[in-house]
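2 protein chains.
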Amino acid sequence: MARINRNYLKLPGSYLFSTIARKVREYGEAHPDADIIRLGIGDVTQPLAPAVIKALHAAVDEMGTAEGFRGYAPDLGYEFLRSVIAEKDFKARGCDISADEIFVSDGAKSDCGNIQEIFGTNNRIAVCDPVYPVYVDSNVMAGRTGEYDSNTERFADVIYMPCLEENGFVPELPKELPDLIYLCFPNNPTGAVITKSRLQEWVDYARKNDAVILYDAAYEAFIDDASAGSEDPVPHSIYECEGAKDCAIEFRSFSKTAGFTGLRLGYTVVPKELMTGGEKLWPLWARRHGTKFNGAPYIVQRAGEAVYGEEGRAQIREQIAYYKENARIILEGLKKAGYEVSGGIHAPYIWLKTPDEMTSWDFFDLLLDRYNIVGTPGSGFGPHGEHYFRLTAFGSRGNTIRAVERISK
Amino acid sequence: MARINRNYLKLPGSYLFSTIARKVREYGEAHPDADIIRLGIGDVTQPLAPAVIKALHAAVDEMGTAEGFRGYAPDLGYEFLRSVIAEKDFKARGCDISADEIFVSDGAKSDCGNIQEIFGTNNRIAVCDPVYPVYVDSNVMAGRTGEYDSNTERFADVIYMPCLEENGFVPELPKELPDLIYLCFPNNPTGAVITKSRLQEWVDYARKNDAVILYDAAYEAFIDDASAGSEDPVPHSIYECEGAKDCAIEFRSFSKTAGFTGLRLGYTVVPKELMTGGEKLWPLWARRHGTKFNGAPYIVQRAGEAVYGEEGRAQIREQIAYYKENARIILEGLKKAGYEVSGGIHAPYIWLKTPDEMTSWDFFDLLLDRYNIVGTPGSGFGPHGEHYFRLTAFGSRGNTIRAVERISK
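Those protein sequences? They're chains A and B, same order as listed.
Counting from 1, position 380 in the first sequence corresponds to residue 520 in this note's numbering; the numbering is continuous, with no gaps.
Counting from 1, position 239 in the second sequence corresponds to residue 379 in this note's numbering; the numbering is continuous, with no gaps.
Hints may be right or wrong, so weigh each one.
Chain copies aren't distinguished; within one or between two, either way the pair holds.
[As the list claims (entries may be wrong)] Distance condition first, Cα-Cα at most 30 Å in a straight line; then the derived DSBU-like pairs of lysine-lysine: (1) K315 <-> K385; (2) K412 <-> K150; (3) K412 <-> K163; (4) K150 <-> K385; (5) K420 <-> K163; (6) K420 <-> K231; (7) K150 <-> K163; (8) K420 <-> K228; (9) K348 <-> K336; (10) K493 <-> K336; (11) K336 <-> K228; (12) K163 <-> K464.
Calculated directly from the structure, the hints in this document are not laboratory data.
Nothing here was measured: the structure is a model prediction, and the numbers come from that model.
Isolated chain A, as found in the complex (with noise of 0.2 Å):
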């Protein structure tokens, strides 16, 4: 008799943003004259750049002609997207990475929940808490979680490092050891960072205790220029620290950067000699990645690679100043409304704390029913999330403007 796999049950609820998405759709169809401003899910509302589209085209007229078609991409993804990555994301960033240490992928959240699937089921996993809700699930769905406690909203053998106010949300070294470490910063849903000292301080951990460090560099993008030029700048990638490829991988996503949230693409780095238990990872997730994926489609690779081109390169840079834009506002506007907030400044996120020590969830219907607002709980990210909430920069200028007006009242 064919059993499922039970760890699925010990999953509480459903998918954090599959349930915000269920409840916007059953509040739009009780209220159809209601003007929903979306703020909740971190999906992307500007078009994307014309360079884009250009390369778009054009890899789809290659598509219609003998030639030009191409079938089954290579397993890595093609060598053009590869090597620009490689220039452009690293070198250019003083790190010593190489075109066939990068994975392309569909993108940033497949990578995340698949990366534990080259790990065996008996190691411990630390995660951040508020967290994104991906690496935790992932691991349920493995079996390297135990059960569920729903009192205190925890899973018994997943170390929990808090992100609090007192610590500006960064978490503190676990005491107890774990054995892969998921970071993610810019934060994603805190919008706090880290600085290279503190992310020193990790790689530095990681390697003095033979633990993976799983960092998730998806919204890096959105760090401030500004930022490269002080004493402890905030890192673009994990790999900016000493040591880093004797212990880190590294995932990034062209959603956040470049608005691919409905292209799918992202990217993986596993540096080649990055070894535990003296084996090596890069052939363990290259055997993944041959076996149970089949590569991104070539247009979009395409699409990809103009991201990294002059004219492609300036139009990003708009559009996600126009986002950092909506950030401020959004910052600024909650501040004077006397709300306490934080991230939105090197992120796409806010952070906000709850007014009144209302429940996340109660905030989440307020907003939605009084202001017509939709945001993101935060304690669907976690315990440490409760009493906060979480707003994207994302929405367009004039909804990011009229959300804040609406809250403000």
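Given chain A, work out where chain B should sit, using these hints.
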């Protein structure tokens, strides 16, 4: 200390098609003037149909405007695509499958590889021998297969179902009871088909024993329409069999149907009522889909929709006819040259017995070396594939004719 998933180390050699790609690359580098004809990997060569190209351009244009831009797709895929699939691929063939039982994905390879995750590691799988490697390898990675014995070329805990000349390359119902049964018809690699009455036996067997059939129908578009009128037709879908919704999941691909190998689109059908051990499978796959995947690109889903339009359907029927004519040329040509061949009628694969009891890899080397033709060694698909060889009908007409001429010498 981080520990790897040691199940990966049980995998013998590298992924079959990666090995072939490496061998061909090395040969090409050593013989830069060689005119290599690739009939190995099942990759199509015809350009995308004009209707598909048109739909892609239109969708790309949408993505460049504020009104038309689409971010994250709905979890299961866009309604416009799921509903046309349900209508044209199922309801039109008398199968009662609804749009919300369709999960759109980036391809059948991903889905075939990932589906095992929703089942416990304590399930026993049954696979055909020879078999598409992804079914076995993904289960090895999950720890469901036991150790590999290099003498027998078998994993200890897998039930192998020999597909031989004697049984027309259609397996017998296994004596040992499996929990999960992988079937693929029209078959990769043998090109064999199963009739509706024989498939009904499998459905009855699975229902009786509470097993789940994982049915890969990636090649259904190659089934001759003429078969529909016969007494015992070749089914396009397992849901043409009575009771299949209680015991089967089906995988479909746009790769071989519409030449999407480089665009990436497929879908999986999980009937809402499908249960095992008292648990429904639909919510588990929905959770997996929502947690570790973020949808196929909007533009590619629009391209998929175009496949079902009047124009698209006609153009794609022509493409399939083109490949089927290639299959006929290979089949007839090799027969005439004295080879024992099968498949190639309702399928794009021709299954060829190697001459003089040559091993499959020796024949691979001979073909590459002497005739500059790339095929796939049958033994790469399992021990009962030894002394066989797979050729595909996906080449261009010119290359197909030249390949047959070369081999016929």
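When no copy is specified for K348 and K336, does a C-alpha distance of 30 Å or less occur within a copy, between copies, both, or neither? within (18 Å within a copy, 61 Å between copies)
Alpha-carbon proximity context of K412 and K150, limit 30 Å: between (35 Å within a copy, 21 Å between copies)
My question is about K493 and K336: at a cut-off of 30 Å on alpha-carbon distance, are they close within one copy, between copies, both, or neither? Answer is within; shortest intra-copy Cα gap is 27 Å, inter-copy 62 Å.
Is it within, between, both, or neither for K315 and K385, if the alpha carbons may be no more than 30 Å apart? For K315 and K385, the Cα distance is within 30 Å only inside one copy (24 Å; across copies 51 Å).
Tell me, please, which holds for K420 and K163 at an alpha-carbon limit of 30 Å: within, between, both or neither? between (44 Å within a copy, 23 Å between copies)
When no copy is specified for K150 and K385, does a C-alpha distance of 30 Å or less occur within a copy, between copies, both, or neither? between (34 Å within a copy, 26 Å between copies)
How do K163 and K464 come out at 30 Å by Cα distance, when the copy is not named: within, between, both, or neither? within (28 Å within a copy, 49 Å between copies)
Under a CA distance limit of 30 Å, which applies to K420 and K228: within one copy, between copies, both, or neither? within (26 Å within a copy, 47 Å between copies)
At 30 Å max between alpha carbons, let me know whether K412 reaches K163 within a copy, between copies, both or neither. So K412 and K163 pass the 30 Å test across copies only (22 Å; inside, 45 Å).
Copy assignment of K150 with K163, given that the CA separation must stay at most 30 Å: Answer is within: at 22 Å inside a copy they meet the 30 Å cutoff, but 45 Å across does not.
Same-copy or cross-copy closeness of K336 to K228 [CA-CA at most 30 Å]: within (19 Å within a copy, 56 Å between copies)
K420 and K231: within-copy, between-copy, both or neither at 30 Å Cα: For K420 and K231, the Cα distance is within 30 Å only inside one copy (23 Å; across copies 49 Å).
Of the numbered hints stated above, none is contradicted by the structure.
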